[in-house]
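Quick mapping for you: the protein sequence lines, in order, are chains A and B.
Per this note's numbering, residue 107 is the first one in the first sequence, and the count goes up by one each step.
Per this note's numbering, residue 9 is the first one in the second sequence, and the count goes up by one each step.
No wet-lab data here; the hints were simulated from the structure.
Careful: at least some of the hints might be erroneous.
What the hints assert, rightly or not - Distance ranges between label pairs, derived from CB positions:
hint: 1; chain 1: A; residue 1: I559; chain 2: B; residue 2: P84; range: 31 to 37 Å
hint: 2; chain 1: B; residue 1: A99; chain 2: A; residue 2: A595; range: 52 to 58 Å
hint: 3; chain 1: B; residue 1: A95; chain 2: A; residue 2: L591; range: 20 to 26 Å
hint: 4; chain 1: A; residue 1: V580; chain 2: B; residue 2: P84; range: 37 to 43 Å
hint: 5; chain 1: A; residue 1: R598; chain 2: B; residue 2: A95; range: 43 to 49 Å
hint: 6; chain 1: A; residue 1: L591; chain 2: B; residue 2: L16; range: 25 to 31 Å
hint: 7; chain 1: A; residue 1: G563; chain 2: B; residue 2: V150; range: 54 to 60 Å
Unchecked claim - Far from chain B by the CB rule (all over 12 Å, computed), these chain A residues:
hint: 8; residue: L117
hint: 9; residue: A326
hint: 10; residue: H393
The C-beta atom is built at its ideal place from N, Cα and C for all residues, glycine as well.
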Amino acid sequence: MEAFLSGMAVLADPFILGMTVAGTLLGVFVGALPGIGGSTTLALLLPLTIGINPIASLAFMGAVYCGANFGGSITAILVNSPGDPSASATALEGYKMAEKGEAGLALGMSAVASAIGGIFSVIVMIVAAPLLARAAYSFGPPEYFALALFGLSMCAAVGGDSPVKNLIAAAFGVALATVGIDLTTGVERFTFGLYDLTDGIGFVPVLIGLFALAEMFDQASRQHSLGKLLKLDSVRIPGMAEFRKCARSIVLGSGLGTFIGALPALGATTAALVSYNETRRWSKHKHEFGHGAIEGVAGPEAANNSAVGGAMVPTLALGIPGSSTTAIMLAALVVQGVRPGPHLFNEQPTLLYAVFASMLAANLIYLVLGLYSAKLFARISMVPPALLWPAVFVLSVIGAYGPNQSMGEVYLMLFFGVVGLLFRRHGFSPAPLVMGLVLGSLLEESLKQSLLIFQDGWVLGFLGRPIALLLIGVTLLGLGAPWVLRLVARLRGPAGRRVA
Amino acid sequence: MSRPTPFLWRDRRVALAVAAVALAFLAGTFSFDAVPAALMEGMGASEFPRLVGFVILLLALVLALQPAPAEEEALPAINRCGWATFAACLAFLAVMALAGMLVAMFAFMVGVGWLWGERRPGVLLASAGGMVLCLWLLFVRVFGLTLPGGLLGDMLFN
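Looking at chain A on its own, in the form it has when it is part of the complex (with noise of 0.2 Å):
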């Protein structure tokens, strides 16, 4: 507690508090611009926090880090096009919506939803940091292969035409994952050669591609049906009556989402599509999904809001990144002079509370500029899609080459675009592809250290293991159920009539 009150007392400092402030600004700015996320603005203003002091430099990417996953929301919504990894759930829904001329609502759903899940996850880690860590650290590669490939069976249910060719889509994105420099043998793979792909496929372009540019080629090909813009009055701030319909989702999506952040490697992207798919699994409006629904943005934005929260726990604790974002937060401690690990708990505290004071204030700040600006926010949709999107390209463009300079990236883009439009013509939904591709390292890790862990006996090894076999035992029952109720139908199906 004391530690709590002297890192939350950091924030009466003005030069902090402006950090603070600043931060969440540019976070929710660059967020909101495709392809620019938090890893990404993350990555370019590391160098510029260097010669701040380690409190004031955290509190910055902090604010910043949770201001871009809330602005990766606003384009998520209003031109389908997910500013940060992490929304790419939300545009499911959203994009939708904003289609329908509800793009006030979705914004506005977004931001409490966001704040609600941000500032729920930093409570929890206030309290519960050091037990949460320390469970998620007692996770052993079975384990994580058994969530990985728990995470990846939930895509049967994310989006697209059917399970199979969602599964499909999965599949690819592990495969996708499997390209660079194999980590355990250095044996490259898939690289033809190209120096670019030697540290595998970048996350971002083939995000932009999949989302930004399939979009802009899809909505290229049926101009002529585009026009109807957005009308001020149909802007609006959520009412009563659709937060309580979205409240369990967003108690879902919190939950979800914090949890699933603070288990390492699975960031606000896993958590995002999870949360999707189980605030549908569990609406009493299921037929409102693919169509525009509420709880499709709340659940998710709950969720990826905190998995930023919980995916600060191994960031901090273990010195294991939870997503591509805390990564850098990682790299930004260690030029700082501070070495993560569970010692910073006890070592420096203060520093710790204050970098879950920064992420409280961060939220708060956005809620109210979310809240506020959600007209102003609403205004992008008004852009004539003639120059609405061009410019949208040409944002993927320096996107996509931003992170590591390399036009490799930006042709990568183009190639994902052209895959995303294919995908979408023919009825599979790119995220059960970004999702495999999220996962396929950490499964392959873990399937490798497994093995490594239950030399010959791994069938005896994975019974050993209990938190492993419940996963796997729920993947099996989630992917096999249908089939086998469908089998069962079938049997009973002639019986039925004979008896009849």
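Fit chain B to the supplied structure of chain A, relying on the hints for placement.
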């Protein structure tokens, strides 16, 4: 528009394409460099990609065996504007190689804006110019990115 479902209906054709990509992926795993047996422990570099390739093949088979719909909806054709926009993206790369990223961005915004139906030259030039200026200020001046200057840029500034 719909028509009676042929034997090779759309999802089957998709399944065939998926299977072809999976086979190419699997074939690619045989081109990896070999690791000396003495250094090998556990799974090698190719086993996991092969496993993924086989899973994709299996899923393609499952997709092909899905029940066919009674009628097949024709895919909406990509119109001339769609193809022209795609061509403009490729032209963007060519202009960028020649004149640099900022010039290519300006030209793309003006060209594609006109293609999509904006006919007011002032609006096109102002939006493209404003956008490029903002990007230059943010990324070049603030973030210190070096954008590709193209052959022209190299000749002028190097």
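To see whether the hints hold, each was checked on the structure:
no. : hint                        : verdict
1   : A:I559 x B:P84: 31 to 37 Å  : violated, 52 Å
2   : B:A99 x A:A595: 52 to 58 Å  : holds, 55 Å
3   : B:A95 x A:L591: 20 to 26 Å  : violated, 49 Å
4   : A:V580 x B:P84: 37 to 43 Å  : holds, 39 Å
5   : A:R598 x B:A95: 43 to 49 Å  : violated, 56 Å
6   : A:L591 x B:L16: 25 to 31 Å  : holds, 29 Å
7   : A:G563 x B:V150: 54 to 60 Å : holds, 57 Å
8   : L117                        : holds, 26 Å
9   : A326                        : violated, 4 Å
10  : H393                        : holds, 21 Å
Hint compliance for this structure: hints 1, 3, 5, 9 are not met, and every other hint is.
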